[in-house]
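Asks: Residue numbers (our numbering), protein chains in the order written: chain P, 1 to 203; chain E, 1 to 196.
Hints were generated in silico from the structure; no laboratory data involved.
Don't take each hint at face value.
Only pairs whose alpha carbons sit at most 35 Å apart, straight line, appear in this in silico DSBU-like list of lysine-lysine [what the hints assert, rightly or not]:
#1 155(P) <-> 177(E)
#2 155(P) <-> 116(E)
#3 116(E) <-> 129(P)
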Amino acid sequence: MGKQKSSYKTALDGLYHYLSGYLSISRLEFQHLLPYIEIREYDKKAKVTKEGEVERYFNIIARGLVRKYLPLKEGEQTIQLAVEGHIIHSELSFFYRTPSTSVVETIEPTVFLSISYESLEQLYRQHPKFERLGRLIITDLFVRKDHRFFDQLRKNTRERFLDYIKTHSHMLQRVPQKYIASYLNIKPETFSRLKHLMRPKKS
Amino acid sequence: MLDSLKRYISGFTSLTDEEFALMASELVIRSFDKKELLIKAGEVENYLNFLVKGLVRKYFYKGRTEIITQIAKEGEFVNSSASFLSGSPSPYLVETLEPSTFLSITRDQLEKLYEKNPRIERLGRIVITHLFLQREEWEHECLRLDTRERFLRFVENNPDLMQRVPQKYLASYLNMKPETFSRLKHLLQRPRTAAR
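Chain E on its own, in the form it takes in the complex (with noise of 0.2 Å):
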């Protein structure tokens, strides 16, 4: 279980087998079941997530309208991170749509993590500068690319999404109509021909 939060870490930096079971004793394992949710809205989030096993959603209500702005599958972090960070309520909900597998941590627990190692720090900071261009790099893809690019960004880069999330879900996140999301996938399914 801890493999691929090693792998995910990698990627960022290296730690010391000791720095990581350091971190490792701090965690703890939270499984929920599907449609269960770890956060409400107006509750102040207290938990960072990696995402072990499962497929999750993260959204708010405009009216009673959901707006999905995260999808989330195994490898990758999900809560309500601005709450999280500042300690403010989360507008946000934190929803399972398949029964999922987490390690966790609180907030306490990682200020002393970061406390103890600085190398931790260091591994933290690098996390948030990253989930910070996610975010910027998201909001310039919305200006630059119209909604059909969008969609088939979203296709190539998530091929296993489109088989795992309800189409709804996934049209609100890329923030289109469902019948626009049903046409273009239409689009998708014509027989490739040899000139392209």
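This is chain P alone, in the form it adopts within the complex (with noise of 0.2 Å):
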């Protein structure tokens, strides 16, 4: 319970530094933040949110791994991988409502600092502060989204393979290579292959 409890502190601490990122806060103005923040541990391979279900958080990831997928009739399409630190929810069902479309599943056991649809619109009523952290913090989302959208439009496949083996070698170790092809939007024939073609570089 004594180290559980430390771990949370950790959490809160780390969310305390990424909300500082987008926004000066006091400790105190971050205190205001703690009652409406709710924290939920999920097992590895669970469906933290379902298809056709409405969406009731906003996600930041303490600690594990996520990834957010389309069920298509061909597979699942993934979308998102996320960890320590970044968000992950499913985003167009929690803010317009709607059932959703996308399933959001844990790889890793995984523990989310959550914020809930009606809190989150509390929060923004009573403390004008946090409106302004929420519209940064969707403007640095937006910006991050069309730089994916731009570099899928304008990369090939080996571009993007290599890419994203630059600038995410850690999650190749934690990641299973089918969900990563699949996120590249690559065959994982193809990326066997061009897994295979960078290992002789390295020696």
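With the hints as a guide, bring the two chains together.
Replies: This is the structure in structure tokens:
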């Protein structure tokens, strides 16, 4: 129990630093946020948000590894892979309050710091400073999304693969290869072949 | 001219007349002829533009090929959004297809408005969230729908653009070859039978 408490403290400290990266907030202001935050724990391979249900939460990962995918006729299309410090949820469902068309599922045991839709709205109304923080975070998410969108259109398979392994080498250790291949929109066979080509260079 | 902006905003949140007037006082009217560039690749986007009248495309060059990522019509926002929001150089060009009139605001003026009025800041957050979600939805659609389905969905939602936008631009926007676009368009012209 004591160990768990200290790990929550570490998670909340992480959250404070994460938010401070967007806007300077005092420890006191951060205290206003805490009553709205829920700590949610999941085992590995657990469905956090199912297809067809309305997303209740905005989640930041305190510890763990999570993927989001679209269930399609041809199989699961991975659209996001997220680790510690990343935000992951079914955002269309969360903001529009409509049934989710994507699935959020853990790969490793995961701890989320989450805020529900209702709590977030209440927080914005009671503390305008968090309204600004919300704007800055969504702006950052938009800019990142635009960047990924642009990359997908501009780069070929090989370039996408090389750029990803250069910038996400930590992911290669933790994420099953088939999920990374799906995320990069590369066939698993092609992914293996590209990975194989990489090896001789290392020695 | 302000009415269409007012209508757009009321879809997201309500502003009082005073708040709307405060915002309107910071806007500038900008007019462009057709085929004029609002921003070139490599420049930093300084304006957020609400399109009052006209038609605009946003695109980038992949080698020598133009890849269109947005076609905007009246009542929509268009700019190099990520550059505007991040301050980094734009990989995109924004160009008018028809003579166009915009209500525009600079980044500095917008920041000032956010400082002055929290409800305008709230509006900003909601509009950016909306842009973010549109992009997410587009990504889902590209993965979920095949070429034919995307074509049909686009035609259904934008019958007016079929008339106004050159076919090669629509094909580029939908990420399909011009030949494919022509073939799909041909399918549309078949007379509908009573059974459908």
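Asks: Next step is simple, just say for each hint if it's right about the structure.
Replies: Going down the list of hints, with the structure as the test:
The suggested pairing of residue 155(P) with residue 177(E) holds, with an alpha-carbon distance near 18 Å, which does not exceed 35 Å. A distance of roughly 42 Å separates the Cα atoms of residue 155(P) and residue 116(E); the hinted pair therefore is violated under the 35 Å criterion. Taking the CA atoms of residue 116(E) and residue 129(P), the gap is about 13 Å. The hint holds against a cut of 35 Å.
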